[in-house]
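If you're matching them up, the sequences are chains A and B in order. Just so we're aligned, residue 0 is where the first sequence starts under numbering that gives the first Met the number 0, counting upward by one. Just so we're aligned, residue 0 is where the second sequence starts under numbering that gives the first Met the number 0, counting upward by one.
Since the hints were made in silico from the structure, they are not lab data. By construction, the Cβ of each residue, glycine as well, lies at the ideal position given by its N, Cα and C atoms. There may be inaccurate statements among the hints.
Partner residues aside, some chain A positions facing chain B, computed with beta carbon under 10 Å [what the hints assert, rightly or not]: (1) N117; (2) I201; (3) P219; (4) F229.
Computed Cβ-Cβ distance ranges for the label pairs, DEER-style [stated by the list, open to error]: (5) B:F101 / A:A44: 45 to 51 Å; (6) A:I83 / B:F101: 49 to 55 Å; (7) A:Y58 / B:F55: 56 to 62 Å; (8) A:Y58 / B:T243: 32 to 38 Å; (9) B:S143 / A:A44: 55 to 61 Å; (10) B:S234 / A:F264: 41 to 47 Å.
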Amino acid sequence: MNSSQLLSIITFFYGIAASLYIAAWIFKKEILGKSASWVVLLGAAGNTAGIIVRWVESYQLGIGHAPLSNMYESLIFFSWTLMIIYLVIERTYQNRIIGAFATPIAFLAMAYASLSPNINDRIQPLVPALKSNWLIAHVITCFLGYAAFAIGFGISLMYLLKQGDKNAKNRMLVHFPAIDVLDELNYQMVMFGFLFLSIGIITGSVWANSAWGNYWSWDPKETWSLITWFVYATLLHARLMRGWHGKRLAFISIVGFLAVLFTYFGVNLLPGLHSYAK
Amino acid sequence: MQQVENRSPFEAIWAFFSSVRLTVAILLILAATSIIGTVIPQNENPTDYFNTFGPFLYNLFNVLDIFDMYHSWWFRFLLLSLMLNIVVCSINRISTTWKVVFNENPTFHISRFRSIPEKEEFIDSRRPEELKEEFSSLIRRRFSYTRAETTENGFCIYAEKGRWTRLGVYTVHLSVITLLVGALIGSIFGFEGFVNIPEGETANSIRLRKTNALYPLEFEIRCDDFNVSFYESGSPKEYRSSLTILEGGKPLLQKNIIVNDPLRYKGINFFQSSYGTLPPNEIALKLVGKDTKIEYDQKAVMNKEIDLPEGEGKFVYTDYRNSFPFRGHNLGETAIGILTPKNGNRVDVILPIKFPSFDGMRQGGLIISAAELHHRYYTGLQVTRDPGVWVVYTGFVIMILGCYITFFMSHKRICVEVAKTGKKSKVMVAGTANKNKLGMHAIVRKMAKNLGITNENRL
Ligand code: HEM
């Protein structure tokens with residue numbers, strides 16, 4: 000079995016886990032939630048193994064490099080970080096409903112990586128521009144940031160659902176974490192994401208400067224990552240303004256994640272130089 | 000905001016730039032307008048723009064600098080406003096923060112700690128006097144500042160750490176200023192250009208990208224060799240140029256550069272950015288007399304006339320093509336020359352490398368062929384100078400540190416109160432932090448545990 004096959008199976012695991020989390024939320028059965036946690040744990044272990052196997056395979060092919068060099072590999076890494084961060088949150092806050100909002104994102108990312116005809120899952124040799132340690136730092140930090148923002152997005156959706164239900168009538172929402180916990184969690188995720196997005200943009204600039212002699216050239220991918228950064232910087236400051244708690248911050252967090260998605264996928268539709276675009 | 004009339008214009012501007020509301024507005028405007036330049040490709044040919052957008056939109060966009068928007072007056076104005084906003088905000092607040100941070104003797108109110116809901120309380124069987132030493136040293140181990148005070152019926156220890164982390168936000172803001180200043184330095188004192196150097200040749204000037212003007216270098220740069228290698232799949236593996244820096248004809252520095260590993264000399268950087276092939280400057284000719292059958296070897300340098308043997312006239316090598324179509328076939332790499340016979344008209348001579356007998360068709364006195372030859376490459380170098388880079392990099396480091404301090408460190412304060420109850424002591428542990436309150440609760444619980452709380456003695 001090669002790493003691509005292993006990772007296809009992991010996609011399936013994440014799909015099951017997502018369904019279990021959602022079922023546990025809807026039917027309020029402890030056993031469903033517990034099994035979901037186990038499936039996610041297994042999935043994350045398999046995901047880790049998949050990344051390592053892929054790394055080893057690239058060396059066996061004689062073109063050894065960290066598995067962070069194209070769209071397929073970055074999506075796999077993204078899902079991995081997302082699930083790791085989620086597992087930490089689940090343990091810390093002892094609440095599995097967040098899983099119903101976080102695991103589907105990892106599942107979709109993996110499914111897209113495995114199934115989309117536009118994405119090549121073969122291990123390819125690195126073209127000269129990608130041969131840089133800055134690239135590895137760049138990809139890792141960007142995707143740590145993106146994963147945190149993805150969870151912040153899920154939590155913001157939960158926040159909006161929960162606060163729309165002022166009198167706590169909706170039975171679907173009773174087991175959600177308290178509204179101020181959701182607000183705090185969203186903020187935590189945004190801070191974590193902001194730090195790593197900043198480092199991601201910075202390492203990307205340093206890499207660009209060592210490869211092309213320019214730390215910033217306003218190509219669409221760079222610009223969109225900066226737009227994302229502006230949106231989350233807005234969120235950090237909007238908290239300081241009276242009346243900008245909760246709902247509006249959740250809303251900015253959602254807009255921020257849409258900007259992340261555009262930086263990641265949408266930019267490929269625009270003209271630019273970034274090598275991931277191909 | 001009521002006394003607007005009494006303000007001087009300076010005060011009014013100051014007030015305008017000191018609001019976080021403005022920050023949010025500027026950040027959102029920056030985010031929104033930045034999209035434009037990703038949808039409309041930047042710095043393209045004006046005629047392409049004209050054809051795409053038509054005269055009206057073209058003129059409008061031109062006035063607004065949309066085709067180079069990130070360097071336009073209005074985008075720069077937004078960045079400048081952000082910078083002013085940060086500076087004014089920071090100046091407004093720093094004196095208050097400074098007083099808090101560098102207060103030698105922080106005040107504390109025990110009543111504030113007593114009213115914290117998430118405090119821990121327990122009974123210790125010893126009397127307060129017996130606990131003081133032990134508690135003080137335990138707390139001192141975890142907090143940088145501690146102070147013990149006596150209370151009505153016992154004592155309390157106030158401790159804190161991380162006061163300086165309140166400066167984290169200023170660090171982040173300072174980093175943004177540093178970045179913008181670094182970028183400004185680069186755009187004023189830096190340049191960006193390129194130069195193509197054929198193998199074996201030397202350049203002493205480069206061409207600037209913006210103006211297309213020649214820019215003389217204080218030194219010379221020679222390309223000794225260029226190599227490109229490919230993977231089996233055909234995708235490029237490595238571009239490598241061997242470069243030598245010379246001054247006054249003396250070689251001073253030699254380096255092989257590849258993508259991601261440039262050459263730097265006197266503040267000017269040379270990056271591997273492209274390459275190409277040049278016609279070989281010299282080819283080896285093989286000549287065979289049609290009647291004599293004698294073979295001759297001769298060298299032909301481009302555009303230099305040579306005398307041919309057997310009185311066949313003069314030949315000059317004039318051109319080299321990577322492909323040469325002939326009656327619907329491609330002859331591949333081909334050298335081209337002109338033959339001037341002693342008496343008669345000049346004729347073109349076609350010398351495909353792969354077909355040595357091709358020239359036989361000309362029915363001349365000699366059959367000329369070109370032997371296989373090695374390619375001459377030129378290396379394409381991106382040349383930059385940016386004295387602001389180190390300022391920008393400093394900003395990068397400050398930003399990472401600042402964000403980390405701001406987000407993940409906090410000013411933590413703890414108060415342990417010990418009060419006598421009969422022959423025993425009642426101990427209270429309570430703490431506050433300016434960030435991450437949940438984390439602070441954990442620290443309080445841990446401290447209570449260190450001081451001896453158990454499930455039995457907890458109140
Ligand atoms: C791109 C530019 C900026 C960045 C990246 C940035 C970043 C930050 C960060 C990370 C925080 C900490 C938020 C938190 O505690 O969670 C912060 C707080 C703050 N920022 Fe900015 N900022 C920027 C521009 C500005 C500007 C222009 C102002 C001017 C008004 C400003 C005023 C403030 C204030 C007043 C705080 C709160 C300080 C406190 O907690 O006492 N920021 N900023």
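Quick rundown of the hints versus the structure:
no.	hint	result
1	N117	violated (18 Å)
2	I201	holds (5 Å)
3	P219	holds (4 Å)
4	F229	holds (4 Å)
5	B:F101 / A:A44: 45 to 51 Å	holds (50 Å)
6	A:I83 / B:F101: 49 to 55 Å	violated (40 Å)
7	A:Y58 / B:F55: 56 to 62 Å	holds (59 Å)
8	A:Y58 / B:T243: 32 to 38 Å	holds (36 Å)
9	B:S143 / A:A44: 55 to 61 Å	violated (41 Å)
10	B:S234 / A:F264: 41 to 47 Å	violated (24 Å)
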